[in-house]
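Starting from the given sequences, assemble the full structure and let the hints guide the process.
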Amino acid sequence: MAVVGSLDEPEGRPQLALRVAFLVRRRTRGTAFSGWSPALDLYQNNDNVIAVAELPGMRREDIQISLHDGTLTISGERKRESSNGEKAERTERYIGTFRRSITLPARVDANKVTATYRDGILTVTLPKAEEAKPKQIQVS
Amino acid sequence: MNKLVRENRVTDQVQAEQFVAPPASVSEAGDGYTLEIEMPGVNKQGLDISVENNELTIVGRRSWSPVEGMPIHRESRPENFRRTFELDPSIDANKISAKIDQGLVSLTLPKAEHVKPRRITVS
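Going down the list, the protein sequences come from chains A and B. Heads up, the first sequence is in our numbering, so the first residue is -9 and it goes up one at a time. Heads up, the second sequence is in our numbering, so the first residue is 360 and it goes up one at a time.
No lab work stands behind these hints, which were simulated from the structure alone. Just so it is clear, CB atoms sit at the ideal spot from N, CA and C, and this is done for glycine as well. Each hint should be verified, as a subset may be incorrect.
Listed next, with one range per pair, are the computed distances between beta-carbon atoms [to be verified]:
id, chain 1, residue 1, chain 2, residue 2, range
1, A, Ser130, B, Lys403, 53 to 59 angstroms
2, B, Glu434, A, Asp59, 19 to 25 angstroms
3, A, Asp52, B, Gly428, 24 to 30 angstroms
4, A, Gln54, B, Ala375, 15 to 21 angstroms
5, B, Val474, A, Ser56, 48 to 54 angstroms
6, A, Arg49, B, Arg477, 35 to 41 angstroms
7, B, Lys454, A, Glu76, 17 to 23 angstroms
8, A, Glu67, B, Asp390, 26 to 32 angstroms
9, A, Glu76, B, Arg477, 30 to 36 angstroms
10, B, Pro448, A, Ser56, 18 to 24 angstroms
Simulated coverage check for chain A against chain B, where a stretch passes if three residues somewhere in it have a Cβ under 8 angstroms from a Cβ of chain B [what the hints assert, rightly or not]:
id, stretch
11, 28 to 38
12, 54 to 67
13, 109 to 119
Below, simulated BS3-like cross-link-like pairs (lysine-lysine); rule was C-alpha separation at most 30 angstroms, straight line [as the list claims (entries may be wrong)]:
id, chain 1, residue 1, chain 2, residue 2
14, B, Lys403, B, Lys454
15, A, Lys69, B, Lys458
16, B, Lys458, A, Lys123
Given below as structure tokens:
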């Protein structure tokens, strides 16, 4: 019993399976190790570098943030909900691990990094190291 | 008759407001279906779910809190989210319930009483 199908595709399970496979492949393009590549934005101001990642439906404890040699890595795993008797009819959501790394534009103080997770958005605030902050030089 | 929820892409195209179609998953349990849709950045206030002419529409508008800083790398899209599904007649549209947690919308679509499997006792 097919649950979901597009209006422009013939009915039945084989077509549905093909469609799902296509969707999954499209989402994996460009990532070598993971089928899930969450969108990642990076901002900076005088004091901070700010990374924002879209991670809908995660648990806080399943998100890892690490900093190494000026590279920020956000990784984690989305686990399949315990499904007793449930039968997946259509799966576009990616279940499994992800890993995103990005080179930071400035040196940051690793001890002062903070992160919040709200509405499925992870925001990592990385305060710049003192020597990386812009300075005003007074002409004497 | 055995189509439960059907996606309607045509309606999406005639909308003036620009939307993106987020990933969704459907699973079936004995007495109904569960539909999950990813809408990062959307909270309860930005969620609008309606059923009209047997069509289920889920619109999610992001609660926009600007980041203080210059963007130097951007992958996220600014558009809001929208998906439309055609409901199978077996679903009781009056009993659909929804919740949103960390940008994941979960809808429960129970089957109508008259289509649920039923055991007839022989007297």
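Do the hints match the structure? See the list:
no. : hint                                    : verdict
1   : A:Ser130 / B:Lys403: 53 to 59 angstroms : holds (57 angstroms)
2   : B:Glu434 / A:Asp59: 19 to 25 angstroms  : holds (22 angstroms)
3   : A:Asp52 / B:Gly428: 24 to 30 angstroms  : holds (27 angstroms)
4   : A:Gln54 / B:Ala375: 15 to 21 angstroms  : violated (41 angstroms)
5   : B:Val474 / A:Ser56: 48 to 54 angstroms  : holds (51 angstroms)
6   : A:Arg49 / B:Arg477: 35 to 41 angstroms  : holds (38 angstroms)
7   : B:Lys454 / A:Glu76: 17 to 23 angstroms  : holds (18 angstroms)
8   : A:Glu67 / B:Asp390: 26 to 32 angstroms  : holds (30 angstroms)
9   : A:Glu76 / B:Arg477: 30 to 36 angstroms  : violated (21 angstroms)
10  : B:Pro448 / A:Ser56: 18 to 24 angstroms  : violated (51 angstroms)
11  : 28 to 38                                : holds (count 8)
12  : 54 to 67                                : violated (count 0)
13  : 109 to 119                              : holds (count 4)
14  : B:Lys403 / B:Lys454                     : holds (19 angstroms)
15  : A:Lys69 / B:Lys458                      : holds (19 angstroms)
16  : B:Lys458 / A:Lys123                     : violated (43 angstroms)
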